[in-house]
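Residue numbers (the working numbering), protein chains in the order written: chain A, 33 to 328; chain B, 13 to 404; chain C, 805 to 890.
These are calculated hints, taken from the structure and not from any lab test.
One or more hints might be untrue.
Simulated crosslink set (DSBU-like; lysine-lysine; CA at most 35 Å straight-line) [stated by the list, open to error]: (1) B/Lys283 / B/Lys349; (2) A/Lys263 / C/Lys836; (3) B/Lys373 / B/Lys290; (4) B/Lys239 / A/Lys231; (5) C/Lys810 / A/Lys79; (6) A/Lys79 / A/Lys260; (7) B/Lys399 / B/Lys290; (8) B/Lys225 / A/Lys229; (9) A/Lys260 / C/Lys842; (10) A/Lys79 / C/Lys836; (11) B/Lys200 / B/Lys283; (12) C/Lys836 / A/Lys260; (13) B/Lys349 / B/Lys393; (14) A/Lys263 / A/Lys229.
Simulated restraints on C-beta separations [stated by the list, open to error]: (15) B/Pro213 / A/Gly307: 27 to 37 Å; (16) B/Gly69 / A/Glu294: 20 to 30 Å; (17) A/Arg304 / B/Arg311: 48 to 58 Å.
Beta carbons: idealized from backbone N, C-alpha and C, even for Gly.
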Amino acid sequence: MSAELKVIPPNPVEGFLRSDRMPHIWCPGCGIGTTVNCFARALLQSKLDLTNVAVVSGIGCTGRVSGYLNLDSFHTTHGRAIPFATGLKLANPDLQVVVYSGDGDLIAIGGNHFIHAARRNVDLKVVCINNFTYGMTGGQLAPTTPVSAISTTTPYGGYEQPFNLPYLAESSGAIYVARWTTFHVRQITHSMTEAFKKKGFSFIEIITPCPTLYERRNRLGDGLDMMKYFKENSVVRHGAPTREVDIGLHGPITVGKFVDRERPDFQELMTRQIGRTLEALAAEREPSGGGEYVAG
Amino acid sequence: MTTADPAGVLAGTHFLDGDQACCEGALAAGSRFSAGYPITPSTEIVERFAQRVPLCGGLFLQMEDELASSIAIQGAVWAGKKAFTVTSGPGFSLMMEHIGYAAMTEAPLVIVNVQRGGPSTGLPTLPGQGDMMQARWGSHGDYAIIALSPESPQECFDLTVEAFNLSEQYRVPVLFMMDECVGHMTEKVVIPPADQIRIVPRRFTTLPPGEYKPFRPGPDGVPDMAKAGDGYHLHVTGLTHNEQGYPAPTVEGQKNSIPRLLAKIRDNAEKIARWQEKYMDDAEIVVVAYGITARVALRAVEMARAQGVRAGLLRPVVIWPFPEARIRELAARDSVKAFIVPEMNYGQMVLEVERLVGRAKPTVLMPHAGGTVHRPEDILKVILEQKKEVGA
Amino acid sequence: MDAPIKRVRGTVYILADRCKGCGFCIEFCPPKVLAFAKGFNNHGYHPPELVTADGCTGCDLCGLYCPDFAIYGVMERGVMIKEQRT
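Turn these sequences into a full structure, and let the hints steer you where they fit.
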């Protein structure tokens with residue numbers, strides 16, 4: 033070993049973090065940090081101008097992501113990241129706006145905003161960290177919790193049919209829909225880089241362990257056990273019909289890129305429609321061949 | 013002095029109702045972004061805006077509900093735009109969380125409430141003044157806002173511009189408390205040429221990234237603003253936070269931030285305050301009224317004067333913060349014998365007057381059901397009764 | 805004499821005090837060169853350590869998996885190794 037001082041190369045993702053706020057609050061074995069790693073690498077690979085990347089999150093464990101990212105980041109109210117992001121994006125279309133939030137925040141209290149933004153095809157990249165629970169508040173039932181799973185508000189086991197998020201996203205109008213688990217780190221990164229290139233509502237669901245709450249209460253082991261479960265039980269089916277990708281308490285998890293289609297985004301639709309109408313109105317006032325506009 | 017962008021100014025003399033005038037005020041103030049949800053009697057404001065603003069390079073979004081509207085405008089604010097939304101009672105209640113978020117994150121914006129009879133669905137097409145206390149206290153926690161109360165379509169124009177100016181100057185949400193009567197009444201509205209309309213522009217920071225702290229106050233207690241996309245790597249959160257914007261959810265964190273938010277308005281109350289006085293120099297019976305009720309009260313005061321009774325009118329125009337100093341002053345004046353507070357509710361702003369006047373002089377509430385205004389003769393009756401009671 | 809085989813070599817850098825001992829890096833390291841250290845970090849967790857130094861390829865899969873940004877791998881220059889084939 034040479035005697036000279038070895039220069040330690042920096043962590044390629046350190047620049048994306050607010051290092052002065054590390055270590056973060058997420059539990060040992062929680063997968064949220066893993067997804068943030070993927071996100072940072074996706075940003076690096078996409079060579080996006082980071083000045084123009086803004087992250088909007090809601091409330092919950094995943095909501096804390098915005099606070100740890102060294103980008104323009106907005107930690108908004110519960111369920112309302114998507115409408116905040118809509119205002120941000122439409123007021124400055126040059127921004128690449130990413131919504132990064134959890135299943136409870138985006139789909140329960142935020143459900144209405146989710147379906148409308150997808151319907152409108154607002155140009156937002158929505159990363160939904162799905163851990164099947166409300167983590168921050170202690171592990172309550174979420175609209176994604178599988179039937180019969182235990183949660184603090186369904187101590188005898190749940191009995192509500194959960195949402196199938198890719199199905200919901202596709203039927204609402206999303207132009208890009210993918211699902212991975214935190215085991216699929218390279219695929220998550222790849223999907224994120226693909227989503228950055230789309231112009232419209234893009235949705236990536238990432239199944240993530242919540243070892244402290246969901247896993248513990250349902251005897252599913254710890255974070256590592258869940259990661260192994262994801263590895264053993266994920267079935268990659270690109271292009272699978274989204275109505276078939278429900279998730280149960282046990283059993284396979286269908287992952288892959290399910291939807292990748294094109295349609296004009298909200299901004300374009302708005303500009304086109306208003307522009308067209310204004311042109312027609314102007315033409316009415318000035319018929320071709322010159323002449324004055326005559327009232328009546 | 014910064015003046016209005018002519019693109020948004022419909023200069024001239026017009027015949028407009030309060031809603032239409034409010035829309036013109038927003039455009040004149042430089043607002044090029046609104047998000048809203050239909051609710052009677054406010055909808056016309058954004059309907060007009062939706063038609064007018066694309067011609068000035070802006071946009072209006074109809075959102076799926078008031079929760080979305082009140083936060084979408086905050087996204088636009090952090091992208092650098094002047095933004096506003098409109099609503100009435102039921103929507104105002106839905107917006108409360110986001111009013112708190114705007115106060116906590118010090119987001120300049122305007123929320124218009126064209127009040128209707130309440131509570132709940134209430135009287136959708138009829139006026140009320142029942143949201144006044146809610147305007148001050150409706151969201152949870154300790155925070156301060158500014159609220160204005162116009163009494164005419166002309167004021168709906170002028171004071172909307174003022175509302176935007178105040179929001180930028182104090183980096184605070186400003187609530188524009190119209191009522192359905194003023195909103196749907198049509199009167200002459202004079203819109204001055206753009207170069208005669210004073211605008212307070214957003215005070216963007218001149219510090220470079222790294223030095224700028226989004227919540228560090230300037231000498232006036234107000235931090236400079238910034239926007240996404242300028243390299244500041246802002247972090248904005250509703251959690252109790254420090255000057256950097258980072259969460260500081262502790263007792264110390266609260267002590268270091270919340271008092272400043274309150275002081276920002278309280279310590280500047282005298283500068284922010286605006287009220288109008290008529291016949292007050294020698295008034296013995298002071299009528300305190302706001303919004304449409306003030307116009308009825310003025311008639312009553314003049315009827316009293318015609319009978320030789322020394323009545324006067326004090327009309328708060330900025331209603332939050334309430335003109336505390338002036339009321340206390342009047343209460344201490346020997347010649348002032350009583351206060352009468354007519355309002356189109358069952359007693360809200362009267363609580364402020366009572367608080368400030370104390371036991372020294374009587375404060376008489378004249379409540380009125382939502383749905384229509386007081387009759388001047390009813391207010392006159394109470395003025396005369398008070399004159400007799402206090403032997404003025 | 806056979807031609808030399810080019811191997812990729814790397815190493816990991818560990819910010820021990822960020823680690824929460826989840827075990828992802830150890831489990832998913834392809835050449836399996838990481839293991840829990842015997843010692844504790846400031847928070848009472850066992851961080852990982854590189855147990856087979858010349859086995860690390862610097863692929864940084866550990867870095868990609870780590871939820872705590874506590875480890876990352878760096879690829880060093882490809883190293884020529886003369887190997888005997890039997």
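Hint by hint, work out which the structure violates, then give me just those numbers in ascending order. none
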